[in-house]
Amino acid sequence: MTKELTRPLPRTWWLRKAPYFQFMIRELTSLVVFAYALVLIWGLWSAAGTGAFSGLHDFLSSPLSVWLHAVALVLALYHTGTWIALTPKVIVLWRDDEQVDPDFIAGVNAILFLVLSGALLWLVLA
Amino acid sequence: MTTGPDRTAPLFWLLFAAGGTASAMLLPAMVFITGIAVPAGWVSENDLVTLFRNPLTRIALVGLVFLFMFHWAHRFRYALVDLGLVRVGKQAWLFYGTALAGTMLAGLAALHL
Amino acid sequence: MDVTDPTVLEVFRYLPDAETEPRFQRYEITPQETWVVLDALNHIKAEVDPSLSFRWSCRMGICGSCGMMVNGEPKLTCETFIRDYETETITIEPLTHFPVIRDLVINMADFMEKLPTVSPWLIPEEGKPIEEGEYLQTPAQVAQYQRFSLCINCMLCYSACPVYGLDSSFTGPAALALAERYNIDSRDDGMRQRADVVTAHEGIWECTYVGECTQVCPKGVDPAGAIQMLKLSYALDWARSVILPKGHRS
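Chains as they are written, first to last, in my numbering: chain A, 22 to 147; chain B, 3 to 115; chain C, 267 to 516.
If you're looking for bench data, these hints aren't it; they were derived computationally from the structure.
What you are looking at is a predicted structure, and each value in this text was computed from that prediction instead of being measured.
Warning: the hint list may mix true and false statements.
Below, simulated EDC-like cross-link-like pairs (lysine to aspartate or glutamate); rule was C-alpha separation at most 20 Å, straight line [unchecked claim]:
#1 C:Lys485 to C:Glu339
#2 A:Lys38 to C:Glu352
#3 A:Lys24 to C:Asp455
#4 C:Lys394 to C:Glu339
Non-contacting residues of chain A with respect to chain B, defined by C-beta distances greater than 12 Å in every case (computed) [claimed, not checked]:
#5 Arg28
#6 Pro29
#7 Arg47
#8 Trp115
#9 Asp117
#10 Val121
#11 Asp124
#12 Phe125
A few chain A residues that face chain C, going by a derived Cβ cut-off under 8 Å, partial list only [to be verified]:
#13 Glu25
#14 Tyr41
#15 Glu48
#16 Lys110
Glycine included, C-beta positions come from ideal geometry on N, C-alpha and C.
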C-alpha cells in the first residue's frame, strides 16, 4: 500500500472564495450582537440606583460612538438580511404536493422585520 | 464511530435561533436609536433614563440581553472553530458561561432599582 | 465538428511509487467544441500520456464517479464544458478534503463508511408481510422527500464543505441529507433510531450552514437545507422530551 497524500485545509480557506468570505462576515456579525448586549447592560446599570446616566449619554453623543454605531448598523443589517434569507430553509411548508414558495416565507419575515422595527422606532421616538 | 446523541446541542441551537431572530428583527432599529437618534437629540438623556427605568422595558431588555448573548456564544464559538482557532467541543463553557454571566449582570441591574 | 483554440490543461499528478511529492503536468490540447473536461482527460490518456489515472464511468452525470476540482471548483468533469472556460489554462486537481491515492484518484473510504451509519433505508414501525401489498404513497408524500433522494454520491459537497475540510469526523452533507430523505418519507418511522448518528456532535450540530454544498451539488439536492430541517426537527423533538417526558417515546 503506497503512501496516500493528504492536503490539509489552510486556515485562510475563507479568504479564497467570495461565498466563503461572506459566510465568515455573517458569522462575525455575532460580535456586534455581543457588543450591543454590553451596551444594554451598561444602560441597565446606569439606570439602577442613583442613575449616573450622563456617562452613557456622553459616550453615545460622541463621534466615536456614532462611527462605531454606523459600522454596527451595516453589520446588523447584514445579519438581518442573511437571516431572513435563511428562514425558508428552516421553515419548510407544504400544501398538497407543492412546497410553499421559499420567497414567500422570506417575504413574510422581511415584512415582520419592517413592522417590528417600525413599531420599536415609533415607541421610542414618538 | 460517532460519539452518540449530543444532549445539550439542541438547547444551545434553539437559543442561538431565538437570539438570531430577535437580533435580526430588532438590532438595526436599536442601533439606530442609540447610534443616531441619541446624538441627534431626538432622544434626550431624560428619555433614556425613563426608558431604562420603566419596569416593562427592563424585563424586555434582560430578555434581549439573554437572547443576544446566547446567540453570540453559539455562533462565535463555531466561528472560531471554522477559523481553525478552537477545536470542536473544547472550551464551549467559556462562551456559554460568558453569556450566562452577562444575562445575570443584566438581571441584577434590572432588580437593582 | 468545430475545433476550438488550443487549451492548456494543468493536471495534478501524484505518483507515489516513483515520486514522493505531487506536481502539476502541463498538457496542450486542441479540444473540440463539444468536449467536456472528461473528454480532454480521456484524449490525454489515449493519445498523450497513458500514465494519467482518473475515475469515470457513465459520462452523463448520473454515476457520480468523475468528480474533480476544475479551476478550484468541485465539478463533475463529464458535465463541465471546456468552451465555458475563458482562461487559457484549466487546472484540474483531485477532489479536496480527501486523501489522494494517485493522480486524480481520491480515497473515498471515509464517505463509504459514513453512509450506512445514518441507516439510509426504510424503517417502518411495523413491517408488513408481502401479501399485504406495497407501502402506498400519494404524490404529495413523495414530493416531500424527492429532492433529497436525488443524491448520486459524487462527494462534490464534501469538497465544498470547509467544516469537513477542517474535521473529517464531520458526518457531512450527503450522508445527513440522506438521513433527512428517510426521516421525512411517510413510510419511515426511523427518526429516533437515526438520532444516534445524526444528532451526535459530529452530525448536524457541527454544520455552520456555509451553504456551499448546495451550491456545488450537480443534482439540486440542497443538502444544506436538509441539515437545517434536521436541526429544527431534532431540536423540537428534544424540547418535547424535556417538556413532556412521559408522553415521549424513546
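Now for the hints, and whether the structure bears them out:
With a CA separation close to 16 Å, the supplied pair C:Lys485 and C:Glu339 stays within the 20 Å bound. In summary, the hint linking A:Lys38 to C:Glu352 is supported, as the alpha carbons are separated by about 18 Å, within the 20 Å threshold. Only pairs whose Cα atoms come within 20 Å are accepted, and A:Lys24 paired with C:Asp455 is rejected, the gap being roughly 43 Å. Note on C:Lys394 and C:Glu339: the hinted pairing is violated, with a Cα-Cα distance of about 46 Å set against a maximum of 20 Å.
The claim that A:Arg28 lies off the interface holds: its Cβ sits roughly 15 Å from the closest Cβ of chain B, which is beyond the 12 Å cut-off. Remark: the non-interface label on A:Pro29 conflicts with the geometry, its nearest Cβ contact in chain B lying 10 Å away (cut-off 12 Å). Not every CB of chain B lies more than 12 Å from the CB of A:Arg47, the least distance being 9 Å, so the non-interface label is violated. At roughly 21 Å, the least C-beta separation between A:Trp115 and chain B is larger than 12 Å, which holds for a residue marked as non-interface.
Listed as a non-interface residue, A:Asp117 keeps its Cβ farther than 12 Å from every Cβ of chain B; the least gap is roughly 28 Å. Non-interface call for A:Val121 relative to chain B: holds, since the shortest CB-CB distance, roughly 19 Å, exceeds 12 Å. At roughly 17 Å from the closest C-beta of chain B, the C-beta of A:Asp124 stays outside 12 Å, upholding its exclusion from the interface. With a cut of 12 Å on Cβ distances, A:Phe125 stays outside the contact zone with chain B, its closest approach being about 18 Å.
Annotation: A:Glu25 was flagged as interfacial toward chain C, and the flag holds, the nearest CB pair being 4 Å apart, inside 8 Å. The interface hint given for A:Tyr41 holds, since its Cβ lies 7 Å from the closest Cβ of chain C, which is under the 8 Å cut-off. For A:Glu48, the suggested interface contact is upheld, since its CB lies about 7 Å from the closest CB of chain C, less than 8 Å. Hint status for A:Lys110: holds, given a least beta-carbon distance of 5 Å to chain C, under 8 Å.
Hint compliance for this structure: hints 3, 4, 6, 7 are broken, all remaining hints hold.
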